[in-house]
Structure formats: structure tokens, C-alpha cells
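Chains as they are written, first to last, in the numbering used here: chain A, 345 to 845; chain B, 7 to 310.
It should be emphasised that the hints constitute simulated quantities derived from the structure, not laboratory data. Some clues are possibly wrong.
Just the calculated beta-carbon pair ranges, DEER-fashion [what the hints assert, rightly or not]: (1) GLU458(A) to PHE70(B): 53 to 63 Å; (2) THR479(A) to PHE150(B): 49 to 59 Å; (3) SER174(B) to ALA781(A): 56 to 66 Å; (4) ILE268(B) to ASN715(A): 46 to 56 Å; (5) THR36(B) to LYS667(A): 36 to 46 Å; (6) ILE292(B) to LYS549(A): 38 to 48 Å; (7) ASP463(A) to TRP151(B): 40 to 50 Å; (8) TRP547(A) to LEU25(B): 49 to 59 Å.
Every residue, glycine too, gets a C-beta built ideally from N, C-alpha and C.
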Amino acid sequence: MKGKLLLAGAMCVAMYAMPAYAKDSKDVTIVLSENVDMLDPCMSTRSNIGRVILENISETLTELDVRGDKGVMPRLAKSWEEVNDTTWRFHLREGVKFSDGSAFDAQDVKHSFERTFSDKNSCEVSRYFGGIKVTPKIIDEHTIDFTTDPAQPILPLMMSLLTIVPSDTPMEFTRNPVGTGPYKLTEWKPGQQIVLTRRDDYWGKKPAVEQATYVSREDSTVRAAMVAKGEADIAPLIAMQDATDPKMDIAYPNSETFYLRIDNAMAPLNDKRVREALNLAVDRDAFIGTLLPKGVQKATAIVPPTTLGWNPDIKVPAYDPDKAKKLLAEAKADGVPVDTQITLVGRTDNFPNVTEVLEALRAMYEDVGLNVKLKMYEVAEFENNYSKPYPENRGPQLVAAQHDNGRGDPVFSMYFKYDSKGRQSGISDPHVDDLIARATAATGDERKKLWSELFAYLHDDVVADVLLFHMVGFARVNPRIDFTPTIATNSQLQLSEIGFK
Amino acid sequence: MSRLFRQRAVTSLFSLLGLIVLVFFLSRLTGDPTSLFLPIDATDAMRENFRELHGLNDPLLLQFWHYIVDLTHLDFGESIRKARPAIDVVIEAFGWTFQLAIMTMALVAFCAIVLGSIAAFRVGGKFDRLVSLVSLIGASAPDFWIAIVAIVIFSINIGWLPTSGTGSIAHWILPIAVLFIRPFGLILQVVRGSMISALGSAYVKTAKAKGVKNTPIIFVHTLRNAMLPVITVMGDQAAALLNGAVVVETIFGFPGVGKLMIDSILQRDFNVILAAIMVTALAIFIMNLLIDVAYLFLDPRIRY
Chain A
345 MKGKLLLAGA
355 MCVAMYAMPA
365 YAKDSKDVTI
375 VLSENVDMLD
385 PCMSTRSNIG
395 RVILENISET
405 LTELDVRGDK
415 GVMPRLAKSW
425 EEVNDTTWRF
435 HLREGVKFSD
445 GSAFDAQDVK
455 HSFERTFSDK
465 NSCEVSRYFG
475 GIKVTPKIID
485 EHTIDFTTDP
495 AQPILPLMMS
505 LLTIVPSDTP
515 MEFTRNPVGT
525 GPYKLTEWKP
535 GQQIVLTRRD
545 DYWGKKPAVE
555 QATYVSREDS
565 TVRAAMVAKG
575 EADIAPLIAM
585 QDATDPKMDI
595 AYPNSETFYL
605 RIDNAMAPLN
615 DKRVREALNL
625 AVDRDAFIGT
635 LLPKGVQKAT
645 AIVPPTTLGW
655 NPDIKVPAYD
665 PDKAKKLLAE
675 AKADGVPVDT
685 QITLVGRTDN
695 FPNVTEVLEA
705 LRAMYEDVGL
715 NVKLKMYEVA
725 EFENNYSKPY
735 PENRGPQLVA
745 AQHDNGRGDP
755 VFSMYFKYDS
765 KGRQSGISDP
775 HVDDLIARAT
785 AATGDERKKL
795 WSELFAYLHD
805 DVVADVLLFH
815 MVGFARVNPR
825 IDFTPTIATN
835 SQLQLSEIGF
845 K
Chain B
7 MSRLFRQRAV
17 TSLFSLLGLI
27 VLVFFLSRLT
37 GDPTSLFLPI
47 DATDAMRENF
57 RELHGLNDPL
67 LLQFWHYIVD
77 LTHLDFGESI
87 RKARPAIDVV
97 IEAFGWTFQL
107 AIMTMALVAF
117 CAIVLGSIAA
127 FRVGGKFDRL
137 VSLVSLIGAS
147 APDFWIAIVA
157 IVIFSINIGW
167 LPTSGTGSIA
177 HWILPIAVLF
187 IRPFGLILQV
197 VRGSMISALG
207 SAYVKTAKAK
217 GVKNTPIIFV
227 HTLRNAMLPV
237 ITVMGDQAAA
247 LLNGAVVVET
257 IFGFPGVGKL
267 MIDSILQRDF
277 NVILAAIMVT
287 ALAIFIMNLL
297 IDVAYLFLDP
307 RIRY
């Protein structure tokens, strides 16, 4: 074919045009799975933006230790203390400069906070402060107080989400992020690449990486190929079927938990025996290493085991279809309409093999005599079923979803997933509401105990949902790079944690 | 000619307006960008603020009125997703698509016309059979598969070309080669068919009887007469390329308009959808006009 001839001819040109990768280069290329639409620091809780910005360009007052178990560590704040029940005082690091040359002080913190809650933008970070009134007060240049109503025992942890911008940053979304981090944005060609360059005037330890280039490819095969070929150094996310080289590919918990939310208000799902049957009918082991990768962990809570208060005493329901059938028969004898059609709602592209996984679940439910229909929706349509207000005349529903909480505390999940007023709650139980409220306000061991109690109550007494798996992701890392992905890699990728072998 | 232009401009304007109305209302009926932009655990206050900020609380007809008024000032609105003017986003992406489409179509036209004409001259000959086989395979192979296989062969195994991305001439080769295959196969078949019937005409016999050589018979006398159906099919194929080559753009990480449109539809980024439709519609309108003009030159009997 003529095309091939032309191709061959053009290849001579190509050989010269190819970028050369020197072995001792201190530059890295990171290939992301999604295009980066915006780069506003206050949007860095969105994973694709966070991987570029968080702690690279913009820093936070505190930081959660995801590699060890030191909990909340200082970053831009040197230290903090509780002044009284409702007030936290943060002592800020001195001698820190933004990449635009201005000095970092309490005014910047106050502005960053106010900007996040401004009605001129749609900053994501503000969601973590929903229902809380926070008043920042500058004490001196490097001391700031936050008074909260109600009391926020985990305010230092919440501060690990708030990125600090200089006080002259406009309230509207900016496309020119300025921060105190070890890197600054030096090039952004939308759809092509983003380049961060190391700063010489960074306050902290100088990282090894001099320059980082971010590109995005939606196809996992291409991302894997780029690292294999040396065009990229790190692909934080590749599909299971592309993770074929143990020398480069690393599995890591991606902080997502896959579960089926049960609509507890609708018959027959309002009967506890039916909900138990839904749990007993699933052969969880059958998924591991087949439709789902080997490293996935069976879940007993909606948050991963690294979370405060995770309860090791809760047992994963055993696969017992006979007991499930028996429970359904009992329920039927009591007049529960167990033959009603139940809709299993899923989202296309939610994770690899999602349709096959849901088909298998549906088949397992049919085996115990339930009448389940699978419906796959694209994201917008799915959202209508996933979040309140739920559609009228929806019938009994199981919603298959993933929930991401790698932030160390259940508070970011529980209200929202289980409180009677929670936007994505399938239950309404006053004892649950009470436990959530008390745990949210508690500190230390008391907090841990209350969360543990809540997890056990939800799993064993309410049987609120069908908790399935804590998922894993695969990263491909070029052998010249020293980098280990963690549970935080789903939301950030600190260039200072990358070394060279 | 100017009458042709006026006529086409008026009809195109009406269809464009119809398209805007349709897309404006249909896209808004199918979903709300609020829940797609904001995280699922966003507070009600955040949702309310988002709707207010982007005018989504106004009645639909009022939103439409605002949109049309802004449009008369050539203001296409902001992209919700990218927080910058929608038209800038679209023009940036369309530039890539346009270059890709032009280069691919030029290569396709050249190869398909030359090879198709030669194949038609000796119908059933070895060359004809080979070309037909190759073009049939090309026209029927799925492009996502070709793209991945091409990357595996040329980038990974042989290592001649970069896997994907932009930046150098080498980055263009694989996307163009993959895009080339299908229209090449199709147009080659049309050229061949059209040439076979033209070569059977009386004037070809006359030319042969006069002793004219084969090359001028094919490329001077017959080809011009055989070009009309070819131009029509090429127009179709070029329009498809101008709408963006979603698969190729996705796999090779090319920031073109096809991928942009799909993403904007999924995210309900209304202003970008509308701007992208208007820009591509304009391009296709101009291309159709050029095709009409080409008809005039190729066949003087055609009058508009």
C-alpha cells in the first residue's frame, strides 16, 4: 500500500524529531488518564487537578501522613493548638515566599479561606466545611485563629485540604496558579502539556526532580506503552490488563470502595432479611483475580482499613446461597413482596469491567430467586439515581457505586452516605444519625470508639448496604524512577516524593 | 457564482439556527452540569451558587434569549468546565482537527485517484485485484484496532515513531496514517468504478483509435469526467473528518474538536457544545460551497 511507503519515508524524518531521553536527566514526564481542564488551587481536591497542583504548586497548612502513621503533620503551619472548644490557633512558618515573590503571612491564609467560600466561583474544597461556620481572625503576621460553630475537633486535618494562595488572587477561577510549593507552573498548553519547574527559593528541602511535564492519554494501553518506551516516567493509573510487567507495574489501594447502596425505604428492600440475603448471595471470592484484580480487599465498611475507627471485628458475610433462599422464603411467608423487580443501577466506565461485574452480581441474585434487572447509565443519568432527590416511581433500587475516602477520617463519608438527611443515604435511622453527630464532635479515643460502633451497627444491625471491595489501581513506573504509589496517589502526586535510581 | 453563494448562505444560516435551537434545548433537557461539575458530596449552598453563577436558575426561554443576544455580539459564553471563553477552546481544538483533516484528505485524494485510475484501466488484472483487496480491508478494519496495533508495531516493537502526543512532525504520522486508511479504501473504490464506466465511453474509443497514449487518456480525458461522484464522496469523508476523529484523537492524545465535543456533551458544557457545532458547521458549509464550485469547473453543463 502506498500509505506504508509514505510512512517509511517519513520515518527517516521521525528519527531526528524524536525527543532524546538522557539517562541522567532529572526531568520526569507523568502521563495522566484525564485531561486537565482547569488548574485553580481551590479545585485541587479533584483528583486530576490535585495530582498536578497539590503540594507541588500549592501547599496546605497541614498534611496527612499517608506513608507512615504520624497522622496530621505540619506543612505551612509550624504548629497548632486548641485555644478553647471552638477555636484553633495555627502558628505559621516564617520566611516562606510565593512563586510570585510575595511573602506568605496570615493575610494569605484568611484570603484563601474566604476565596474558597466566595460566591464568585465554585471551589470544591468548600464542601468539606458544609454546615460549619468558620471565622478566621488574624492575631499577628504569622498567627491565625479559626473559630468554628459547631466545634471542629478535626480542623487541623481539614486544613490539609485547603490550598493557600496569595492575598491578591482574584475570587474568580484563575488559570495562573501561584503557590508556596517547591514547583511553579511554567507552561500550560491546554490539551497538550503542563510543565512545572523546580523553584530555587523554596523554603523546604530541595526535591530531586527538576522539571515535570504532565500529558494526558485516555487510552490505558497508550499510557502503559509510553512508560515502556521511555516517553513517560510515571503513569499513575493503568488498567489491569495493561499491567503485564512486574518490573514496572505496581498495584496500590486507590481508596475507592465499591458497594451497592440499598434503598431501605422501598419494599421488599425495607425488610432486613432481604438485605441480609442480598449480602449472603454474593460470592465475593469469585470476583477476585478474575473480573477484578488480585489485590482488591473485601470490604466491611465504606472507608478503607487505614481510616480512623475502622472495625476489625466486623466479619465479611460468608457466601451462603441456601441461607439467602431460606431468608427470602421466610420474608415471603410474612407477606414481603420478594418477587418485585429490583433495579440494579450501574454507571458505564465507572471502573474496568464494571458491566461484567454487575452482570455477575445480577446472576448471583437470580440464583437465589430474586428478580433483578440491570440498568447501565452514563454519568449524568446515573447521578439522578445516585443523589437525592431520588426519582419518583423509581421502584426498589440497588445502586452500584464507588466511594473515595483516603483522607483518614470517616467524617468525610458518613453523614453524606448514612445520615437520614445525607444526600446519598439509603437509610433513615435515628440511632445512626445520633452516632454520626456524636462521633463528628468527639476527639481522640472517644471519636475512634464511636466510629467503630457506627460501622458495626450499620453492617450487622441495620444491614444498610452490600459492601463489596476496597479497590486497587495499577501504576506503571519507569525503572529509572524511585517512586511508590500510595493510597493518596488517587488524589495527589507529590513530585518531592520522586527520586532517581 | 455570487447567486450560488447567496443562496447557500441563506439556507445554511437557517439550518444553523435550527441546529442551535435544537441543541440548546435538547442538551439542557438531558442533564444538569451542576451535579457533574461539583463533587457528589457538594452542599446545597454550593449547588445553588453554581446554578446562579451560570444562569441555570433562569427559565429556559430566558436563558435562550440571553444566549442569542450574546451571540449577536459574537460572545459564545464561558466554558463551565474550563473557566475560559468557549470559542477560544473550540478554535484551539478545531485548528488541530483542521490540519489533520486537510493533510489526510490531500493524501487520500492523491493516492486513491492515482491508484484507482490505474486499477480501472486493466479491470481484473493483478494490480486491480491487489488494490481492491487492500482497499476493502482498509475500508472495513475498525480504526481503534488499527491505531493500537500501529502503536504496538511502529512505536514499541520497531521504535521508529512516538506513541502519541503532539510536538514534532513525527507525531503526525501515525494519526494521519490511521485516519487515511478508511477514506482511502472507500474513495479508491469510487474512483475505480467511476473510471471503469468513463473508460467505456465512445470518446475513449475515438482517442484510442487516433493513437493517443494511455496516460493522457486516463489522466487528461477520462479522469475529469469521472471526478463528479468522487468529489461528492470525498466531501462526505472530509465532513466526517472535520467533525473530529474521536477515536484517533482519544488514542493519540490529539487535542481535536471531536474529543472536545464528546467530553463537553458528557459534562453538559453547553456553551462549548454550541460553539463547536457552529464552528464545524461553518467549516462544512464552506467546504460544500467549494465542492459546488468544483462541480462548475468539472462539468460546464451544470448551472446553478
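Hints numbered earlier in the text: which of these fail when held up against the supplied structure? 1, 4, 6
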